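In the order they appear, the protein sequences are chains A and B. Letter 122 of the first sequence, counting from 1, is numbered 122 in our numbering, and no numbers are missing. Letter 280 of the second sequence, counting from 1, is numbered 1280 in our numbering, and no numbers are missing.
Honestly, the hints are just simulated from the structure, not real lab data. Check before you lean on any hint, since a few could be wrong.
Label pairs and their calculated CB-CB ranges [what the hints assert, rightly or not]: (1) A:THR25 <-> B:TRP1185: 53 to 59 Å; (2) A:ARG269 <-> B:ILE1318: 44 to 50 Å; (3) A:HIS13 <-> B:ARG1129: 37 to 43 Å; (4) B:ILE1318 <-> A:GLY23: 39 to 45 Å; (5) B:THR1319 <-> A:ARG245: 49 to 55 Å; (6) B:PRO1114 <-> A:ARG245: 53 to 59 Å; (7) B:ARG1129 <-> A:ALA130: 39 to 45 Å.
Simulated pairs of lysine-lysine, DSS-like, Cα-Cα distance not exceeding 27 Å [unchecked claim]: (8) A:LYS27 <-> A:LYS83; (9) A:LYS68 <-> A:LYS309; (10) B:LYS1236 <-> B:LYS1221; (11) B:LYS1221 <-> B:LYS1240; (12) A:LYS200 <-> B:LYS1221; (13) A:LYS83 <-> A:LYS68; (14) B:LYS1221 <-> A:LYS68; (15) A:LYS274 <-> A:LYS209; (16) B:LYS1007 <-> B:LYS1321; (17) B:LYS1321 <-> B:LYS1240; (18) A:LYS309 <-> A:LYS27; (19) B:LYS1221 <-> A:LYS27; (20) A:LYS209 <-> B:LYS1221; (21) B:LYS1221 <-> A:LYS83.
Remember, predicted model here, so these are calculated numbers, not experimental data. All C-beta atoms in this analysis are idealised placements derived from N, C-alpha and C, irrespective of residue type, glycine included.
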Amino acid sequence: MTEAAKQPLLDVHDLRTHFHTFGGTVKAVNGVSFDIAEGEVMGLVGESGGGKSVVGFSILGLIDSPGKIEGGQILLDGEDLVKAGEARLREIRGREISMVFQDPMTSLNPLHSVGRQMDEVLRLHSDLDAQARHSACVEMLESVGISRATERLRAYPHQFSGGMRQRVVIAIALLARPRLIIADEPTTALDVTIQSQILKLMRRQIAEKGASMILVTHDLAVVSEMADRITVLYCGNVVERGRARELIEAPAHPYTRGLIDSIPDPSNRHERLKQIPGTVPDIRNLPQGCNFRDRCPRAQALCAEIEPKLSAQRGSLSAACHFPLNPGESA
Amino acid sequence: MTGYIFKRLLQMTLVLWVVSVIVFLMMSFTGDPVFMVVPIDATDAEIAQARRLLGLDQSLFVQYGRFVTSLVQGDFGNSYVFRQPAMALILERLPATLEMVLVAMALALVVAIPLGVYAGANPNSRISRTIMAGSLLGISLPGFWVGMVLIFLFAVHWGIFPSSGRGDTAEIFGLRVSLLTADGWHHIILPAVTLSLATMAILLRMTRAGMMEVNRQDFMKFARAKGATRRDVLYKHGLKNALIPVITIFGLQLGDLIAFATITETIFSWPGMGKLLIDSIYRADRPVIVVYLMLVALIFVVINFLVDIIYTLIDPRITLK
Chain A
1 MTEAAKQPLL DVHDLRTHFH TFGGTVKAVN GVSFDIAEGE VMGLVGESGG GKSVVGFSIL
61 GLIDSPGKIE GGQILLDGED LVKAGEARLR EIRGREISMV FQDPMTSLNP LHSVGRQMDE
121 VLRLHSDLDA QARHSACVEM LESVGISRAT ERLRAYPHQF SGGMRQRVVI AIALLARPRL
181 IIADEPTTAL DVTIQSQILK LMRRQIAEKG ASMILVTHDL AVVSEMADRI TVLYCGNVVE
241 RGRARELIEA PAHPYTRGLI DSIPDPSNRH ERLKQIPGTV PDIRNLPQGC NFRDRCPRAQ
301 ALCAEIEPKL SAQRGSLSAA CHFPLNPGES A
Chain B
1001 MTGYIFKRLL QMTLVLWVVS VIVFLMMSFT GDPVFMVVPI DATDAEIAQA RRLLGLDQSL
1061 FVQYGRFVTS LVQGDFGNSY VFRQPAMALI LERLPATLEM VLVAMALALV VAIPLGVYAG
1121 ANPNSRISRT IMAGSLLGIS LPGFWVGMVL IFLFAVHWGI FPSSGRGDTA EIFGLRVSLL
1181 TADGWHHIIL PAVTLSLATM AILLRMTRAG MMEVNRQDFM KFARAKGATR RDVLYKHGLK
1241 NALIPVITIF GLQLGDLIAF ATITETIFSW PGMGKLLIDS IYRADRPVIV VYLMLVALIF
1301 VVINFLVDII YTLIDPRITL K
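Next comes chain B alone, as it looks inside the complex (with noise of 0.2 Å):
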């Protein structure tokens, strides 16, 4: 197992030394910076001048060799907008997304398992019918547009929820965070149920179809005939079996919402990362986009291996070398 870790600490190292590469050309090869820190009305002299001070006028070898080195360091440059370190700006915004995307995925995960169970147990049911109708609209009904009416509904109609911000925050450990405050709560609902609908149908799909599978197996019915109720026969022996894609689609949902929660953000007004992402791509402020491709190929990194590590504590077949 630590040999395991081992290589793959070593795999993931890989993976984002490529993602440094591909990330720095793009950077390189779309647009020059250096428009965006000098006056409209700079001249030659200190347009050359700024380029010096970014290193801009370094060829690319000599760039990448001060990035990488820069990156391994934990130093990702100043923003050139905002002029502090970029690093620090994502970071103040990262709870934020984050809280967003926990509450949407916990709200997909307690929805999802039980009708997907039922739904698979039952595949004939009226109620199942109706409950896989209403997953097909969780999927392909855009979130831009369910934001919106959620808004209209909730926001503007009832004015049960409000409609944007993040309301009060408390500070844990240094971190904003919005969950400890009613408030807070108060703000969250809305868009982390609008984040939460396509993963949720995702999901009740997935176990529904391996619930199904699974209910077909011999030891489904052996669980029966030892006498186990219906609900630890579906729970204790099926869900389990039917967990695997479950939690690998869990995976890359929760790695793609924390990545691309923009539109959501931007709907209703959550200052997380999707929001700087946007403004960062219209200033071209590349130190800001390079954390932030940086941090999601991290996230993404972290979270399959979290993953393969979780398939051997579910599946005892499994091991990992």
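If we strip away everything but chain A, and leave its shape as in the complex, we get (with noise of 0.2 Å):
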């Protein structure tokens, strides 16, 4: 797949959503690009805090006060988010993009059957009878392997493992056929072994309906078994993006390195596992030039002095870094 070919199916340029709290402006997202074409799976990766969730709520709109999005453009199709009115994204949030959250054991209400949370999407979304809808959400329970769906959808979320709850939320969010899922950190609050029964689903059911998906994690691991494409967040910023494999392959930016790094290797058991010193420093109060210096081992005067942009690396890597690594290199 070459991405110049395709029109992207979402544009999100320079967007910038910040929380203005007593403490002062939280810069969670300070002008974060990047785009997804139709069937691709982008990896959004960065540690706790970096605002990669915010990203995934202000494509949809779903930005509370005091967050507020402040600038930049969100494209569907040519269409900018930004600008629509509530009426307009409540047509497209569930029907064009619709959103798996981090824990299944809160995202379901707890008083409405299975069955009536997946109806209403349809609902909204549709104009289906009752019984085509019915069919559908039991033709969608089955395809995320529940079995006895008829039966299941008069069920209440309680009457479910965590598992199968996650497998109820993905199911509702295909269930208007939308053409992008965003996924926030979709497996964090499960099982292990769930996890990659997780995974593999909505990697065959994103690949079976030909939907794009945004992958918001902190798990390179997981990202590099289900992204085409990856963008590394830090501090709000994009610091390296790239095709997945060369990215984690040989990243230029000593922050990519040091997350892969930290992912523990089970053929090295006896060795101290890595982690990046330091910690992210107060978003209310960024220091001048490059965020990450003070934890940069490579970290230069020149680093405090110009934040460095976002530039072309080698292959398909950009990365945000005045002095970015080598193949084989290490941080």
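Starting from the two chains in their separate frames, assemble the complex, guided by the hints.
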């Protein structure tokens, strides 16, 4: 697949989402740009507090006060969602773009049956009659691997296990055949054995339906299995992006290198797990220059002076670093 | 479920029995009702005669035995004052109290729920702050004062509503009901508003607190991510989850208003049970007080039972065993 040949389905350009709190303005997302082609899986990676989830919620217009999208564009087929009104956004939510949340234990309404919660999506986004909606729900529930679907539609969320609930959430997200699915840490709250099942399920469903996906995660191992391309966020900025394989095998940004090195390697059990020194700086008070420089082993005087811009590196990679890594080089 | 209902009925009977003991003992230790029925210049022989007729000369156990036996048979004895069955006296006035309370509770719900949902969904807006300040007034202003102010403004000053009485009633199933006549409605508005304010304020604050809690939940955001309207998210997904404490308070307030609407009834000369109770207490009219207390106990027990059943209808995770 060549990205240049396709017009991107979603084109996020210079997105800035800020939260105006008493303690100051939190620039959770501060100039993030990326695009997704049709049928593509894009991994959005970063540490906790890096602004990943805020990107997802911004796309759907679900940023609540004190948060606000301060600038940028979110183009879905050329239509700017930042400028779209609430009524238009409601048409898009669930229909064009849907979302899978992190914790399946809390993302379903405990007082509504699973069937009712699925039916709601079709009532909102289709003209089907009750019977057609019912069979669509049964079919979808079966396709996410829930047996005895007709019966299970009448059950309530508390009668399902965590993994089963996430399957239900995925079924809801896929029901109106959206073109883009934003999965916000979809497996973080699940047991490891369930995680890979759910990931396989999502990959299969997305391929079958020809949908695109933004996979928001802190887990590079997950993203390397799933994504075509990866965008790495740090302090609300894109620090590196490129094709998944190249980025994982030979990243150009020291931060990405640090993330990859902190994945436990089962063949090397006696070695101490590597970690990135320090913590994410206070996002209300970002230093001048490169945000990562205090934690970066390659930082030099220049890094404190000038904030590096995202620029093309080897192959498909772009990185925001004055001193990018060469292949095989460690940070 | 049938097992549960059976168990609950047993429990309810037990509660009512305990109440009957307490009521009986209280009545026996507070004053001698015999002086209420004999003339002021009665001789000792006449007093003894009256005592014997009323069964007051027997031991407490025997008296209680008779008391419970007749309770079970639905016979509460005659009022010492009116010389009529006490039960009939109460039942005659019950509809007046019930309809005032029901109008008051309906009014409280209709106002409190939407305002509470709004205030919970927009906790920082100016309108919400105004609503909350108003609810604080509703809780703190005493009912008798509100009643008097309403009478002064709406009855005396503007003459929109009558200041007292029940107005025309229509008979249905042998009950006299004023909700069936325009004049009845005209009369019921002021007392019902007076009675509802405090409950309205409490329900409003409960709804708001519940909604604020629910609004933080992921499933609310998930419902929005599905494309549901704000109204559906708040009412279909949010409110139902905030409702359990509201229903609990609603049940308690309902019983409370039926039992203790006395002050409002007195201010508006509403011919309900409360007025009768006060009069009976003054005259130590034991049978009437007993019927009243037993009826109040029964109402509370039944309301709480119904509230528990409603819980299970709202929340499938609650099972009654």
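For each hint, the structure was consulted:
no.	hint	result
1	A:THR25 <-> B:TRP1185: 53 to 59 Å	56 Å, holds
2	A:ARG269 <-> B:ILE1318: 44 to 50 Å	48 Å, holds
3	A:HIS13 <-> B:ARG1129: 37 to 43 Å	39 Å, holds
4	B:ILE1318 <-> A:GLY23: 39 to 45 Å	41 Å, holds
5	B:THR1319 <-> A:ARG245: 49 to 55 Å	52 Å, holds
6	B:PRO1114 <-> A:ARG245: 53 to 59 Å	56 Å, holds
7	B:ARG1129 <-> A:ALA130: 39 to 45 Å	43 Å, holds
8	A:LYS27 <-> A:LYS83	20 Å, holds
9	A:LYS68 <-> A:LYS309	24 Å, holds
10	B:LYS1236 <-> B:LYS1221	13 Å, holds
11	B:LYS1221 <-> B:LYS1240	16 Å, holds
12	A:LYS200 <-> B:LYS1221	26 Å, holds
13	A:LYS83 <-> A:LYS68	13 Å, holds
14	B:LYS1221 <-> A:LYS68	16 Å, holds
15	A:LYS274 <-> A:LYS209	39 Å, violated
16	B:LYS1007 <-> B:LYS1321	9 Å, holds
17	B:LYS1321 <-> B:LYS1240	23 Å, holds
18	A:LYS309 <-> A:LYS27	17 Å, holds
19	B:LYS1221 <-> A:LYS27	22 Å, holds
20	A:LYS209 <-> B:LYS1221	25 Å, holds
21	B:LYS1221 <-> A:LYS83	21 Å, holds
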